[in-house]
Amino acid sequence: MPYIIKVKVKRELKKKAIDATVGIFFSPLTVQVKRWWLSNAILVAQYLEASLSGSSEQKGQLLLNPIQNFETMPTSSILFSLFLCLLAFSTIADGEQVILVNNCKESIWPGTLGGAGQVSPKDGGFHLGSGEEVVLDVPQKWSGRIWGRQGCNFDSNGKGSCETGDCSGMLHCQGKGGTPPATVIEMTLGSSSSPLHFYDVSLVDGFNLPVSMKPVGGGIGCGVASCEVDLNVCCPSALEVKKGAKVVGCKSACLAMQSAKYCCTGEYANPNTCKPTLFAHLFKAICPKAYSYAFDDSSSLNKCRASRYVITFCPPQ
Numbered sequence: 007m008p009y010i011i012k013v014k015v016k017r018e019l020k021k022k023a024i025d026a027t028v029g030i031f032f033s034p035l036t037v038q039v040k041r042w043w044l045s046n047a048i049l050v051a052q053y054l055e056a057s058l059s060g061s062s063e064q065k066g067q068l069l070l071n072p073i074q075n076f077e078t079m080p081t082s083s084i085l086f087s088l089f090l091c092l093l094a095f096s097t098i099a100d101g102e103q104v105i106l107v108n109n110c111k112e113s114i115w116p117g118t119l120g121g122a123g124q125v126s127p128k129d130g131g132f133h134l135g136s137g138e139e140v141v142l143d144v145p146q147k148w149s150g151r152i153w154g155r156q157g158c159n160f161d162s163n164g165k166g167s168c169e170t171g172d173c174s175g176m177l178h179c180q181g182k183g184g185t186p187p188a189t190v191i192e193m194t195l196g197s198s199s200s201p202l203h204f205y206d207v208s209l210v211d212g213f214n215l216p217v218s219m220k221p222v223g224g225g226i227g228c229g230v231a232s233c234e235v236d237l238n239v240c241c242p243s244a245l246e247v248k249k250g251a252k253v254v255g256c257k258s259a260c261l262a263m264q265s266a267k268y269c270c271t272g273e274y275a276n277p278n279t280c281k282p283t284l285f286a287h288l289f290k291a292i293c294p295k296a297y298s299y300a301f302d303d304s305s306s307l308n309k310c311r312a313s314r315y316v317i318t319f320c321p322p323q
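Numbering (the working numbering), first residue to last: 7 to 323.
Possibly wrong hints are sitting among the right ones.
What the hints assert, rightly or not - Using 25 Å as the maximum straight-line C-alpha spacing, the simulated BS3-like pairs for lysine-lysine come out as follows: (1) Lys-248 / Lys-165; (2) Lys-267 / Lys-147; (3) Lys-147 / Lys-165; (4) Lys-147 / Lys-281; (5) Lys-248 / Lys-309; (6) Lys-111 / Lys-309; (7) Lys-267 / Lys-111; (8) Lys-290 / Lys-309; (9) Lys-147 / Lys-128; (10) Lys-165 / Lys-128; (11) Lys-295 / Lys-267; (12) Lys-182 / Lys-249; (13) Lys-267 / Lys-281; (14) Lys-267 / Lys-252.
Calculated from the structure, these hints are not laboratory results.
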């Protein structure tokens with residue numbers, strides 16, 4: 007039987023107390039410590055080095071395993087290490103964390119856009135090199151969208167252009183949306199009193215990059231939003247966007263046709279009159295976990311109570 011220790015830590019900045027339950031498992035050679043925050047993805051590099059003795063995890067990766075191994079040590083030393091770790095993580099801000107991972111072979115420039123009256127994290131855009139990741143702290147009730155930009159060049163003043171997803175030629179989009187076609191991650195987050203979060207991957211504005219959004223924890227029923235296949239490879243010629251001979255984006259039917267029937271506007275602004283087009287059916291067959299047209303809610307909108315989410319560009323298949 008594990009010994010269960012309950013620890014209460016007061017956050018100095020927010021003046022808010024956090025209850026944490028820690029289980030200690032004894033074995034002849036090691037002590038395994040199960041800590042409350044490890045049900046969520048945290049960068050190993052953020053852990054106190056003193057707490058990593060005997061750990062099998064590598065620094066810089068996402069720590070998803072809830073069990074952390076420690077070399078055998080006196081119980082008093084273990085409790086001291088636990089106190090340090092809990093103190094270090096007691097400063098997690100109110101709200102949720104969105105972890106962006108670039109698994110593509112080349113750099114991308116994520117763009118962020120908050121809804122009406124909402125902030126745009128990282129001033130609306132930033133560079134993310136191949137293999138890099140960044141954590142965005144977003145406030146409660148945040149709503150907005152995130153997308154990846156490709157083939158960007160910016161000067162020292164943050165002005166330039168991108169092949170896809172460009173936002174008025176700026177590194178920091180600052181309230182500007184991305185130029186379609188672009189694969190878009192959309193989310194509407196809840197609050198501590200109503201912690202249900204909604205999120206999806208949308209192809210309504212077309213496609214430029216494979217992407218997925220996965221909750222870390224959250225319980226049964228939490229879905230994965232994604233379009234993990236490179237649609238540029240199989241994009242119909244009528245929808246292609248090219249840079250030279252290379253297809254860099256795939257338009258949606260709405261973007262290509264520019265009519266109410268395909269954009270679900272005007273007299274077609276309801277699910278009874280706006281039906282999926284042949285192209286929407288194609289997108290859905292290839293990316294069943296993404297919105298293929300405006301009213302594709304039933305199989306594309308996800309909800310979850312997790313406090314952390316991982317968005318991966320070019321996710322492994």
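These are the hints, each one checked on the structure:
1. Lys-248 / Lys-165: 22 Å, holds
2. Lys-267 / Lys-147: Distance ~33 Å between Lys-267 and Lys-147 Cα, so the pair is violated.
3. Lys-147 / Lys-165: Status violated; Cα separation ~31 Å.
4. Lys-147 / Lys-281: At roughly 31 Å apart (the allowed maximum being 25 Å), Lys-281 and Lys-147 break the hint.
5. Lys-248 / Lys-309: The given pair, whose Cα atoms are some 35 Å apart, is violated under the 25 Å limit.
6. Lys-111 / Lys-309: 30 Å, violated
7. Lys-267 / Lys-111: 38 Å, violated
8. Lys-290 / Lys-309: 20 Å, holds
9. Lys-147 / Lys-128: It holds: about 18 Å lies between the C-alpha atoms, which stays within 25 Å.
10. Lys-165 / Lys-128: 16 Å, holds
11. Lys-295 / Lys-267: 23 Å, holds
12. Lys-182 / Lys-249: 23 Å, holds
13. Lys-267 / Lys-281: Answer holds: Lys-267 to Lys-281 is near 8 Å, not above 25 Å.
14. Lys-267 / Lys-252: 30 Å, violated
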